[in-house]
Each structure stands twice: as structure tokens, then as C-alpha cells.
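There are 2 protein chains.
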Amino acid sequence: MKHYKLPQGFLAAGVSCGIKKNDYDLGLILFKQPYRVIGFFTTNCNVSYSVSLSKKNIKNPVSAILVNSGNANCFSHKEGYRDTEEITKKLAEQLEVGEETVLFASTGIIGKKLMKKNIIKNIPKLIKNLEDNSDKFSKSILTTDTHPKVISKTINFSKKKVTITGVAKGSGMIKPNLATMLAFVLTDADINLGILKKQAKDSVEKSFNAINIDAAESTNDSLFVASSKKVSLSKQEQKKFFIEFQKIMVDLARLIVKDAEGATKFVQLDIRGAKSKKEAKMIAEKISGYILFKCALYGNNPNVGRIVAVLGQAQIKLNEKDLKIKFGSLTKKDVNIIVDLNRGKCNWRIYTCDLSPEYVKINAKYN
Amino acid sequence: MKHYKLPQGFLAAGVSCGIKKNDYDLGLILFKQPYRVIGFFTTNCNVSYSVSLSKKNIKNPVSAILVNSGNANCFSHKEGYRDTEEITKKLAEQLEVGEETVLFASTGIIGKKLMKKNIIKNIPKLIKNLEDNSDKFSKSILTTDTHPKVISKTINFSKKKVTITGVAKGSGMIKPNLATMLAFVLTDADINLGILKKQAKDSVEKSFNAINIDAAESTNDSLFVASSKKVSLSKQEQKKFFIEFQKIMVDLARLIVKDAEGATKFVQLDIRGAKSKKEAKMIAEKISGYILFKCALYGNNPNVGRIVAVLGQAQIKLNEKDLKIKFGSLTKKDVNIIVDLNRGKCNWRIYTCDLSPEYVKINAKYN
Chain W
0 MKHYKLPQGF LAAGVSCGIK KNDYDLGLIL FKQPYRVIGF FTTNCNVSYS
50 VSLSKKNIKN PVSAILVNSG NANCFSHKEG YRDTEEITKK LAEQLEVGEE
100 TVLFASTGII GKKLMKKNII KNIPKLIKNL EDNSDKFSKS ILTTDTHPKV
150 ISKTINFSKK KVTITGVAKG SGMIKPNLAT MLAFVLTDAD INLGILKKQA
200 KDSVEKSFNA INIDAAESTN DSLFVASSKK VSLSKQEQKK FFIEFQKIMV
250 DLARLIVKDA EGATKFVQLD IRGAKSKKEA KMIAEKISGY ILFKCALYGN
300 NPNVGRIVAV LGQAQIKLNE KDLKIKFGSL TKKDVNIIVD LNRGKCNWRI
350 YTCDLSPEYV KINAKYN
Chain L
0 MKHYKLPQGF LAAGVSCGIK KNDYDLGLIL FKQPYRVIGF FTTNCNVSYS
50 VSLSKKNIKN PVSAILVNSG NANCFSHKEG YRDTEEITKK LAEQLEVGEE
100 TVLFASTGII GKKLMKKNII KNIPKLIKNL EDNSDKFSKS ILTTDTHPKV
150 ISKTINFSKK KVTITGVAKG SGMIKPNLAT MLAFVLTDAD INLGILKKQA
200 KDSVEKSFNA INIDAAESTN DSLFVASSKK VSLSKQEQKK FFIEFQKIMV
250 DLARLIVKDA EGATKFVQLD IRGAKSKKEA KMIAEKISGY ILFKCALYGN
300 NPNVGRIVAV LGQAQIKLNE KDLKIKFGSL TKKDVNIIVD LNRGKCNWRI
350 YTCDLSPEYV KINAKYN
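For the record, the sequence lines run as chains W and L.
Note that the first sequence ends on residue 366 in numbering that gives the first Met the number 0; no numbers are left out.
Note that the second sequence ends on residue 366 in numbering that gives the first Met the number 0; no numbers are left out.
Be careful, since some hints might not be right.
Below, simulated PhoX-like cross-link-like pairs (lysine-lysine); rule was C-alpha separation at most 25 Å, straight line [claimed, not checked]:
| no. | chain 1 | residue 1 | chain 2 | residue 2 |
| --- | --- | --- | --- | --- |
| 1 | L | Lys-285 | W | Lys-364 |
| 2 | W | Lys-285 | L | Lys-111 |
| 3 | W | Lys-320 | L | Lys-77 |
| 4 | W | Lys-332 | L | Lys-364 |
| 5 | L | Lys-54 | L | Lys-196 |
| 6 | L | Lys-239 | L | Lys-196 |
Listing some non-contacts, in silico: residues in chain L with all C-beta distances to chain W over 12 Å [claimed, not checked]:
| no. | residue |
| --- | --- |
| 7 | Gly-38 |
| 8 | Lys-88 |
| 9 | Gln-93 |
| 10 | Glu-98 |
| 11 | Ile-154 |
| 12 | Gly-193 |
| 13 | Asp-201 |
| 14 | Lys-229 |
| 15 | Ser-231 |
| 16 | Gln-235 |
| 17 | Arg-342 |
For each label pair, taking beta carbons as the anchor points, the in silico distance ranges come out as [claimed, not checked]:
| no. | chain 1 | residue 1 | chain 2 | residue 2 | range |
| --- | --- | --- | --- | --- | --- |
| 18 | W | Asp-22 | L | Ile-324 | 27 to 37 Å |
| 19 | W | Lys-316 | L | Glu-357 | 26 to 36 Å |
| 20 | L | Gly-327 | W | Asn-346 | 46 to 56 Å |
| 21 | L | Thr-330 | W | Thr-42 | 30 to 40 Å |
| 22 | W | Lys-54 | L | Gly-193 | 46 to 56 Å |
| 23 | L | Gly-327 | W | Lys-1 | 47 to 57 Å |
| 24 | W | Gln-314 | L | Asn-117 | 30 to 40 Å |
| 25 | L | Gln-235 | W | Lys-112 | 53 to 63 Å |
| 26 | L | Lys-277 | W | Gln-314 | 16 to 26 Å |
Hints were generated in silico from the structure; no laboratory data involved.
The structure presented is a predicted model; accordingly, all values stated were derived computationally and were not measured.
Backbone N, C-alpha and C define an ideal beta-carbon position, used for all residues, glycine too.
Using the sequences and the hints, build the whole thing.
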């Protein structure tokens with residue numbers, strides 16, 4: 000297994016606390032001192048207790064992010080939010096940080112009570128296991144993912160270097176806004192918070208907001224971007240930094256789609272010639288989320304009718320003589336599809352996959 | 000096979016013209032004299048040439064409805080609409096009726112050119128085969144349906160009787176608005192057109208607009224209601240007539256869901272305690288169209304979390320302590336599910352089904 004070192008200023012850990020059977024299910028990212036974190040959350044209005052708590056605490060400088068997998072910590076019982084606070088309070092005590100500086104992210108089944116006691120009991124072990132790489136942490140956040148997803152890049156400048164490490168999990172319930180996943184992008188580059196926020200937002204648009212597995216948006220999506228500000232960069236260096244930063248976001252998002260539940264194909268769908276960016280994005284989302292289009296992809300079936308039908312359903316009137324659809328070879332694992340409306344100058348790219356019988360089987364037994 | 004006699008004033012036929020391999024694929028309903036027809040069409044904005052033509056001609060009294068299966072006659076080539084006109088013109092000539100009095104309905108694959116010549120060549124045979132029952136016609140309109148769908152009822156009054164015969168096809172691409180299907184409901188009862196229209200609209204709401212197989216709406220949905228006005232009814236008799244009329248519509252709609260592609264379960268989903276009828280309907284549609292809910296049903300898995308997630312995605316904020324969800328036994332073929340929001344007095348019922356690996360396989364190879 001490849002070893003991914005974290006940027007300066009961060010430690011991480013992953014342990015097994017019993018939510019999942021014999022598997023890592025509890026993770027921690029520790030900030031050596033409190034840093035400001037940029038957060039992106041699901042637009043689903045029924046959110047997990049973890050998201051509610053993180054939305055509150057992210058206003059403060061952050062000391063740690065606790066993560067559990069195997070349970071969404073959502074809609075499970077009346078005391079759900081209080082339990083969540085209790086867990087983060089216990090962690091804060093043992094880390095000797097303010098409880099208002101701890102974030103929490105959960106992923107897994109909705110509606111089941113989180114094993115609070117197991118988590119609290121394992122906090123000391125979690126802290127003891129902190130290390131300067133993301134290896135166990137990246138395992139502790141997975142649900143139906145078949146492998147950990149980490150991308151790390153060290154950029155060498157003349158007299159200094161900065162590292163960006165991104166860790167993510169997928170792999171079903173994925174649609175734009177912001178995709179259904181957890182992701183953590185850490186760096187030691189010292190970037191002005193406002194600039195980082197703007198760049199992160201732009202990168203999210205082209206990465207986690209540009210993937211669609213099943214048009215399903217979870218209650219738990221969270222993306223955190225944090226910098227320990229150890230290495231200062233010139234404007235020129237920042238430019239290079241952000242190119243790599245965006246590349247890591249896009250590559251992480253692509254990794255999620257490549258490991259989508261049951262998927263046999265990774266599809267890059269380009270919408271071209273739309274009247275507006277909004278139209279291009281909407282069309283990309285509708286096509287990539289359409290069950291009959293995805294079934295056709297699985298069957299290596301370049302079914303243009305499915306595209307016509309779903310766009311009409313979404314009240315996007317097509318002009319028959321302008322529409323040009325180009326399917327790449329559907330027998331390959333990586334497929335490019337171009338839908339050109341020929342009525343404007345706006346383009347949009349989205350990453351998606353097919354729908355297989357295996358997806359149905361995985362989600363039939365998911366409980 | 001059961002034999003379904005048509006109401007007075009109608010004849011029907013079904014033949015094989017070569018669109019499908021060795022199967023009935025061309026149907027005709029002949030009106031012994033022109034009658035007014037009430038039509039309901041898909042709200043998809045990219046419609047078939049057949050729908051476009053029918054929408055125009057339905058303003059006139061109608062002499063015949065031509066139907067083909069195996070091809071949607073939609074988005075296939077520039078001359079598509081002209082070909083459609085040519086076909087109906089040839090039929091009109093041979094029936095000795097005005098071409099503006101012919102309706103056309105098509106169902107099948109989108110984007111492939113309709114075999115105009117085969118259809119025209121088979122018109123004489125079609126006319127020769129006209130009979131006073133719907134048996135062959137009901138076969139000629141099927142696509143992936145596993146059996147014909149006909150419901151017929153003769154109501155006996157003291158000195159007269161009226162017949163209502165409904166013929167429909169499903170079986171994928173089904174969502175409310177108006178569901179994706181073709182249906183023909185014929186009667187000999189003499190009902191005022193305005194009253195029949197109002198009652199038909201109300202019945203569509205509770206039948207074809209209250210079914211959801213895969214949240215996919217086709218380019219070809221059409222429902223035609225026609226009366227030959229042979230038997231006049233008193234107000235009291237009309238009341239009884241409309242009870243049966245609505246029952247036939249609902250039963251036809253249920254038949255479509257029961258024969259849904261790959262479905263292993265028929266689900267009656269009741270939304271209760273919503274704030275408004277609109278909210279209840281929206282919730283019913285969202286849940287019944289949600290891929291992860293349908294996968295869970297297939298797995299006999301009463302996954303409440305899927306309901307919470309999809310409603311949140313649709314920005315329907317739930318109150319955790321009020322929500323009550325009751326799953327009937329999921330191991331049965333007929334399942335009742337009740338979702339009670341406990342926040343209002345409005346209810347809505349929808350008919351739906353599970354999503355199976357078989358659905359994916361059927362649609363993977365559909366071309």
C-alpha cells in the first residue's frame with residue numbers, strides 16, 4: 000500500500016470501535032494548533048446531527064475533526080444531537096481543546112442509533128494512534144467503497160515545498176450538490192483564508208459538484224479544506240499551488256465515480272453548445288442521473304432516445320436538427336460522451352457511471 | 000384467453016407489420032361514425048410525431064386511432080412528422096374518412112425511423128381484420144409488457160346496459176404526469192362531453208397520474224377516452240357509470256404497475272397527514288421514484304433512512320418526532336406502506352414497485 004504523508008501541522012488516525020464488523024470505523028484528524036477550516040455541506044435539508052454540529056463549530060478555529068463510518072448519525076432518536084455533543088466534548092477534554100473547536104463527520108446508514116459508548120471508549124486509543132500519514136484514517140471513513148481514496152502532492156519551489164493531501168470516500172448516493180461524500184483536503188501552504196475559500200469554491204464546482212452516480216444526495220455530505228499556514232507563498236507560487244489544488248479535487252472526485260457502487264464504466268460527459276452555463280449544468284445533471292440512460296450504458300447501448308426523453312421530461316426543448324450526440328466506444332471502461340446542442344457557447348463537464356444489476360444488489364441489502 | 004367485447008360503435012384490430020419480430024405491432028380502433036375524443040398527453044416537451052399529430056387532430060370528431068408498438072416515432076429523422084401525416088392520410092383514404100379525423104399513438108424505441116412502408120402496406124390487412132373485441136388490438140400495443148391489459152365492464156340498468164372497455168400498455172418509463180403509457184377507454188354511454196372530460200380528468204389523477212415505476216416520463220404517453228353515445232343515461236345512472244369508469248381507470252393503472260419491468264413487488268404507498276394535497280402528492284412522487292428506496296424494497300429492507308434522505312433532497316424538512324412510517328410485510332408480493340407526517344390533514348395514494356437487477360438487464364438491452 001502506498002504511504003501518504005500529511006502536510007505539516009496535521010496528524011491523523013483510524014481505529015476500529017465496533018460500528019462495523021472488524022473494520023476501521025473511527026477516524027480523527029488533529030490540528031497541531033487551531034486553524035480556520037472551510038466547509039461545504041450537503042444541500043439536503045434533513046441533515047445528520049454531525050453536520051448540524053459541524054456547521055455550528057466551523058465558525059471557530061478548528062482543533063480536530065472526528066469521523067465515523069457505518070452510521071450516518073441521522074434521524075435515529077430524539078437525543079441524537081445531544082449524544083453528538085457528548086462525544087465531541089469527551090474528545091475535546093482528552094485533547095485539551097475547546098469543545099467548540101471540534102468538527103464531526105459521519106457516513107453510513109440513516110436512522111440507526113450511533114454507538115456512543117463504543118466511540119467514547121475508543122477515544123484514548125484513537126489519540127494514541129495519531130500518526131503523520133493518512134493511511135489508517137483513509138480506511139476509517141469508508142462505507143461501500145472498495146478502496147481508500149487519497150491523493151497527495153508535494154510541490155517543490157526553489158527553497159521550500161508545500162504539500163496538499165486529499166482524502167475522500169464515496170460510493171453510492173452521489174449527485175452534484177455537493178456530491179454525497181466526505182472529503183478532507185489539508186495543506187501547509189499559507190494562503191489568505193478569503194482567497195482559499197474562493198479557490199475552493201471554484202474547485203468544488205468542477206470536482207465534487209460535477210459528479211453524479213445515482214442522483215441521490217445524502218444527509219451527510221461534508222468537505223473540509225484546512226491549511227496549517229506553515230509555508231508562505233508568493234503570488235506566483237500560489238498560482239502554481241491552486242492549479243495542483245484543483246487537480247487534486249478533480250482527481251479525488253473522479254476516484255469516487257470510478258469506485259461507484261456496481262459501476263462497470265467511468266463516463267466523462269461533455270455538454271456543449273448550451274445557451275447558458277446553467278443550462279449546460281442542468282442538462283449534464285439530468286442525463287447523468289437518468290436511470291434509463293445508465294441502464295443503456297451498462298448494456299453498451301448508445302441509446303440517444305434516453306437523452307431526448309429525459310431532457311424533454313425536464314422541459315428542455317431540443318431542436319432535432321441541431322442536436323449532435325457522440326458516443327465513445329461503450330465497450331471500454333472509460334467512455335467519453337459528447338452532447339452538443341449547437342445553440343450557444345456554454346459547455347459543462349460531468350463525471351458519471353453506468354447502473355448495473357450489482358448496484359441494485361448492493362443497495363438491496365444495505366442496512 | 001379471456002374475450003373482451005367492445006362497447007357498441009367501436010371495432011378494433013391488431014396485425015403484425017414487421018416492426019417487431021413475429022409479434023403484433025400495428026393496431027387500429029375504428030369508430031363507426033366520428034365521435035369526440037378526450038385526450039391526455041405526456042408533459043414531456045420533446046414529444047413523438049404521433050403525439051404532435053394527435054394533439055392537432057383531436058380537436059375534430061375522430062374516426063380512427065392508429066397505433067404502432069416497437070417504435071416511438073420520435074426524434075428519428077427530419078421527415079418524421081411528414082411521414083406520420085402520410086401514414087394517417089393513407090389510412091384515412093382507405094377508411095373513406097377525413098385525414099384530420101385520424102389519431103396516431105406510437106410506443107417503443109426513440110430515435111429510430113418508423114417503417115413507414117411496412118405500415119402502409121399492412122393497412123388493408125388491418126382494416127380487413129377489424130372485429131368487435133379488443134383481443135388482437137390489446138396485443139398490438141405492447142412493448143416490454145408481459146401480457147395484454149384489458150378491463151371491461153358491462154353495467155346493467157333496468158332496461159339497458161352500457162359497456163366500458165379500457166385497454167392499456169406499460170411497462171417501464173412510468174411516472175406520474177400522466178404516467179408513461181398508452182391507454183384507450185371506450186364506452187357506448189351517452190355522456191355530455193364536458194361532464195365526461197371533468198370525470199376523466201379526476202379519474203386520471205387517481206389512476207394514471209398516481210403510478211410511478213421509475214420516475215421516467217416518456218415522449219409518447221397518450222390516453223384517449225371516447226364515447227359512441229349509443230345509450231343515454233339518467234343522472235342517477237351516470238353516477239353509477241362514473242364509479243365504474245374510475246374503477247376501470249384505477250385498475251388499468253394498477254395492472255401497469257403490477258407488470259412493471261422486472262418488478263417483484265406491487266406497492267401501495269399512502270402518504271398521510273401532509274399540510275396540503277400538493278405536499279402529499281410531491282412526497283408520494285419523490286419516495287416512489289427514489290432509486291435507493293426501490294432497491295431497499297427489492298431487498299425486503301424497510302429502510303426508513305432512504306425516505307428521510309430523498310425528502311430532504313427535495314427540501315421537505317421532516318420533524319423527527321412526528322414522522323411515523325409503517326411497512327407492511329416486505330416478503331409479500333403486495334405491500335402497503337404508510338408514511339404519516341402528522342402535520343396536516345391531506346392524504347395521497349400512489350402505486351409503485353421495487354427496482355430489481357432484472358429491470359437493469361431489460362433496459363440495458365432495450366434497443
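A quick look at each hint next to the structure:
Distance hint between Lys-285/L and Lys-364/W is fulfilled; the C-alpha atoms sit about 21 Å from each other, no more than 25 Å. For a cut-off of 25 Å, the pair hint linking Lys-285/W to Lys-111/L stands: about 22 Å separates their Cα positions. About 7 Å separates the Cα atoms of Lys-320/W and Lys-77/L, which keeps this hinted pair within 25 Å; it holds. Restraint check for Lys-332/W and Lys-364/L: the C-alpha separation of about 18 Å stays at or below 25 Å, so the hint holds.
Between Lys-54/L and Lys-196/L the alpha-carbon distance is near 16 Å, which keeps this suggested pair within the 25 Å criterion. Between the alpha carbons of Lys-239/L and Lys-196/L the distance comes to roughly 16 Å, so the proposed pair stays at or under 25 Å and holds. Taking the minimum C-beta to C-beta distance to chain W, about 18 Å, the non-interface status of Gly-38/L holds against the 12 Å cut. With a closest Cβ-Cβ approach of about 22 Å to chain W, Lys-88/L is found to remain outside the 12 Å limit, as its non-interface label requires.
The claim that Gln-93/L is not at the interface with chain W holds, since no C-beta of that chain comes within 12 Å of its own (minimum 30 Å). Every C-beta of chain W lies more than 12 Å from that of Glu-98/L, the closest at about 23 Å, which supports listing it as non-interface. Distance check for Ile-154/L against chain W: the nearest CB is about 37 Å away, which clears 12 Å, and the non-interface claim stands. With a least CB separation of 29 Å from chain W, Gly-193/L remains clear of the 12 Å interface cut-off, as annotated.
A cut-off of 12 Å between C-beta atoms confirms that Asp-201/L is not in contact with chain W; the least separation is 24 Å. Against chain W, the non-interface label of Lys-229/L holds: every CB pair exceeds 12 Å, the least being about 39 Å. The claim that Ser-231/L is not at the interface with chain W holds, since no C-beta of that chain comes within 12 Å of its own (minimum 42 Å). No beta-carbon of chain W is positioned within 12 Å of the beta-carbon of Gln-235/L; the least distance is around 42 Å.
Remark: the non-interface label on Arg-342/L is consistent with the geometry, its nearest Cβ contact in chain W lying 14 Å away (cut-off 12 Å). The beta-carbon spacing between Asp-22/W and Ile-324/L, approximately 29 Å, falls within the hinted interval of 27 to 37 Å. About 34 Å separates the C-beta atoms of Lys-316/W and Glu-357/L, a value consistent with the hinted range of 26 to 36 Å. Separation of Gly-327/L from Asn-346/W is about 48 Å and conforms to the stated range, judged on CB atoms against 46 to 56 Å.
Between Thr-330/L and Thr-42/W the beta carbon distance is about 36 Å. The supplied range of 30 to 40 Å therefore holds. At about 55 Å, the CB distance of Lys-54/W to Gly-193/L agrees with the hint of 46 to 56 Å. Between Gly-327/L and Lys-1/W the beta carbon distance is about 49 Å. The supplied range of 47 to 57 Å therefore holds. Range check, Gln-314/W to Asn-117/L: about 34 Å between beta-carbon atoms, so the 30 to 40 Å window is met.
Range check, Gln-235/L to Lys-112/W: Cβ separation about 59 Å, and the 53 to 63 Å hint holds. Our hint of 16 to 26 Å for Lys-277/L and Gln-314/W holds, since their Cβ atoms are close to 19 Å apart.
Hint check: no violations occur; every hint is consistent with the structure.
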